[in-house]
Amino acid sequence: MGDEEIQLDSFTGTDDQKLTAALDLARNSNPRRPIRLSAHSYTFSQTRTTFSGLRILGPNVGWQNPEIANTAGALPQCTVTLNCGNGANSWLVGAATTYDVMVAGITFKSSNAVTQFYHHPYSAGTSFATTLDTLSFYGFKHVLGTPADPFSMTLVTTRGSWTCVAVQDTQFSLRGSDNFLWVAGDLNYGWQGANQGRYLMRFSNLSKTAVKHLYLTARGGSRAVLVEATAQGGLDFSDCVIEGQNANDQAMGALIVTKGQASFTNIKLNFGMARPSDFTDQADTAYIMVLGGTALIANVWVNKANKPGTSTQVAETVPVVDVRGGTAYVSTVIGCGSGWATKPLAKASGGTLVADQSLRTG
Numbered sequence: 000m001g002d003e004e005i006q007l008d009s010f011t012g013t014d015d016q017k018l019t020a021a022l023d024l025a026r027n028s029n030p031r032r033p034i035r036l037s038a039h040s041y042t043f044s045q046t047r048t049t050f051s052g053l054r055i056l057g058p059n060v061g062w063q064n065p066e067i068a069n070t071a072g073a074l075p076q077c078t079v080t081l082n083c084g085n086g087a088n089s090w091l092v093g094a095a096t097t098y099d100v101m102v103a104g105i106t107f108k109s110s111n112a113v114t115q116f117y118h119h120p121y122s123a124g125t126s127f128a129t130t131l132d133t134l135s136f137y138g139f140k141h142v143l144g145t146p147a148d149p150f151s152m153t154l155v156t157t158r159g160s161w162t163c164v165a166v167q168d169t170q171f172s173l174r175g176s177d178n179f180l181w182v183a184g185d186l187n188y189g190w191q192g193a194n195q196g197r198y199l200m201r202f203s204n205l206s207k208t209a210v211k212h213l214y215l216t217a218r219g220g221s222r223a224v225l226v227e228a229t230a231q232g233g234l235d236f237s238d239c240v241i242e243g244q245n246a247n248d249q250a251m252g253a254l255i256v257t258k259g260q261a262s263f264t265n266i267k268l269n270f271g272m273a274r275p276s277d278f279t280d281q282a283d284t285a286y287i288m289v290l291g292g293t294a295l296i297a298n299v300w301v302n303k304a305n306k307p308g309t310s311t312q313v314a315e316t317v318p319v320v321d322v323r324g325g326t327a328y329v330s331t332v333i334g335c336g337s338g339w340a341t342k343p344l345a346k347a348s349g350g351t352l353v354a355d356q357s358l359r360t361g
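Be aware that the sequence shown starts at 0, since it is given in numbering that gives the first Met the number 0, and climbs by one per residue.
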C-alpha cells in the first residue's frame, strides 16, 4: 500500500487544494509515491517548491500536442492550465539541489502569457537526475530557465515527443553538464514574429551534454540557438533541423550563434539570412556565426531562402559559416535545393577556419 500511486482526484477541493494535499502526502512518503493525474483538464495557480523524488504523471505517456484537433479525443490526454508567473514565481521552483524529479505525459497551457513551467537557478544548486517525458507547452513565457537565470541541470533526461507553440519568449535557457536532451525523443518548437533577435534556445555554460532531434523553426525576427561559455566542451548537437518556415517565410538573420565549445553534426540548416538588416543588437553575417571558443561543424545540408517579398534567393556570397572569433572546423557542407551555382561559402572574419573541399573559403 505504501508505494501505490497518489490519485490527485481522490482529494477534495479546488485543483490547487487537491495538489497541495497530494504533494504533502508524496513528500512524507517513503519511498516517494508518484502523483497521478486523470484524463481531463486541471488549472493550477500556486507556485510549488520541488523536492527529491517528486513525480507528477499524466494518465499515460501518449503523444501530447495541443494543436491537433479532430482526433476523437485521442489528443491530448491531460491538459493542465497554469496561471503562474516566471522566475521565482514559476509553477515549479527548485530551492535547493533535488534528485529524481519527474514530470510526464501532460500538455501544459499558459493562461496569461507570462508563465514559466520550471525554474531551478544555479544559486539554488542543481536539478539532478530529473526526467521530463512527453510534455507539450502552449503560450508560455519560458519552459526551463530564463535568459538571465538559466535552468541548472545535471544528468537530466528529456525524452519523448515534445511540442512548444504560441510561445512568448525563449523557452529553454540551460546550464550544467552531463545531460541527455531528446536523445530518446524529439522537440518541435517554432516562433514567429519580430522579437528583437531573441533565441529559441540558449545554452549557457552547458557541457558534456548530448542534444538531438530538435526541429526548430525560427521565423521572422527570431534566432534559433545561442551557445555561450562552455569551457569544458562536449556540447554536441546532432540530427537536428534548424530553419525558417520555408523559402518565403524566412528567418531574417543567423540561425546559430556560438561563443563556446560545441559541435553541430548532421544538421539541416535552411531558409536563414533573408534580411539581416532587421537586427540592431548585432550584425548577423552568416547562417552559423562563430564568435568564440571552438566549433565543430560537419554534415550540413543548406537550403536558401528567398528575400522577403521577392523570388530572388539569398546570395551565395552570404556565408554558411563566418568565424569572427575562436576556431571552427567545418566539413561536408552541401547546398541543396535549387539555385546553387557553386559551393557554399565559409569565411574567417576574425578567427581561425579549418574547412574541407566541400566549401569555398574567403
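Don't take each hint at face value.
Pairs of lysine to any residue, SDA-like flavour, derived with a Cα cap of 25 Å [stated by the list, open to error]: (1) K306 / Q195; (2) K17 / S51; (3) K211 / K306; (4) K346 / G308; (5) K306 / C335; (6) K207 / Q191; (7) K306 / G325; (8) K258 / N305; (9) K207 / G220; (10) K108 / D177; (11) K207 / N265; (12) K207 / G233; (13) K258 / M101; (14) K342 / Q195; (15) K267 / Y121; (16) K207 / M101.
Here are the computed distance ranges between Cβ atoms for each label pair [as the list claims (entries may be wrong)]: (17) S276 / T48: 41 to 49 Å; (18) N265 / S348: 25 to 33 Å; (19) S51 / T360: 35 to 43 Å; (20) T326 / S51: 35 to 43 Å; (21) S276 / T13: 24 to 32 Å; (22) D15 / K207: 33 to 41 Å; (23) G308 / T96: 26 to 34 Å; (24) A209 / T331: 17 to 25 Å; (25) T279 / T13: 14 to 22 Å; (26) H39 / A340: 32 to 40 Å.
Worth flagging that the hints you see were computed from the coordinates, not collected in a lab.
Predicted model only: the values in this text are computed from it and were never measured.
Note that the Cβ used here is the ideal one computed from N, Cα and C, for glycine as well.
Status of the hints after comparison with the structure:
1. K306 / Q195: Since the Cα atoms of K306 and Q195 sit roughly 19 Å apart, the hinted pair holds (cutoff 25 Å).
2. K17 / S51: Holds, at roughly 20 Å.
3. K211 / K306: 30 Å, violated
4. K346 / G308: 28 Å, violated
5. K306 / C335: 17 Å, holds
6. K207 / Q191: 31 Å, violated
7. K306 / G325: 30 Å, violated
8. K258 / N305: 28 Å, violated
9. K207 / G220: 30 Å, violated
10. K108 / D177: 29 Å, violated
11. K207 / N265: Holds, at about 18 Å.
12. K207 / G233: It holds: about 4 Å lies between the C-alpha atoms, which stays within 25 Å.
13. K258 / M101: Not satisfied, since the Cα-Cα distance of roughly 32 Å exceeds 25 Å.
14. K342 / Q195: Answer violated: K342 to Q195 is near 31 Å, above 25 Å.
15. K267 / Y121: 33 Å, violated
16. K207 / M101: 22 Å, holds
17. S276 / T48: 41 to 49 Å: For S276 and T48 the Cβ distance comes to about 46 Å; the hint holds.
18. N265 / S348: 25 to 33 Å: Taking Cβ atoms as reference, N265 and S348 lie about 26 Å apart, which means the hint holds.
19. S51 / T360: 35 to 43 Å: 52 Å, violated
20. T326 / S51: 35 to 43 Å: 41 Å, holds
21. S276 / T13: 24 to 32 Å: The hint (24 to 32 Å, Cβ to Cβ) is violated, given that S276 and T13 are roughly 51 Å apart.
22. D15 / K207: 33 to 41 Å: 38 Å, holds
23. G308 / T96: 26 to 34 Å: 52 Å, violated
24. A209 / T331: 17 to 25 Å: With a Cβ separation near 20 Å, A209 and T331 satisfy 17 to 25 Å, so the hint holds.
25. T279 / T13: 14 to 22 Å: 46 Å, violated
26. H39 / A340: 32 to 40 Å: Because 57 Å falls outside the window, the suggested range is violated.
Taken one by one, the earlier hints fail for this structure at numbers 3, 4, 6, 7, 8, 9, 10, 13, 14, 15, 19, 21, 23, 25 and 26, listed in ascending order.
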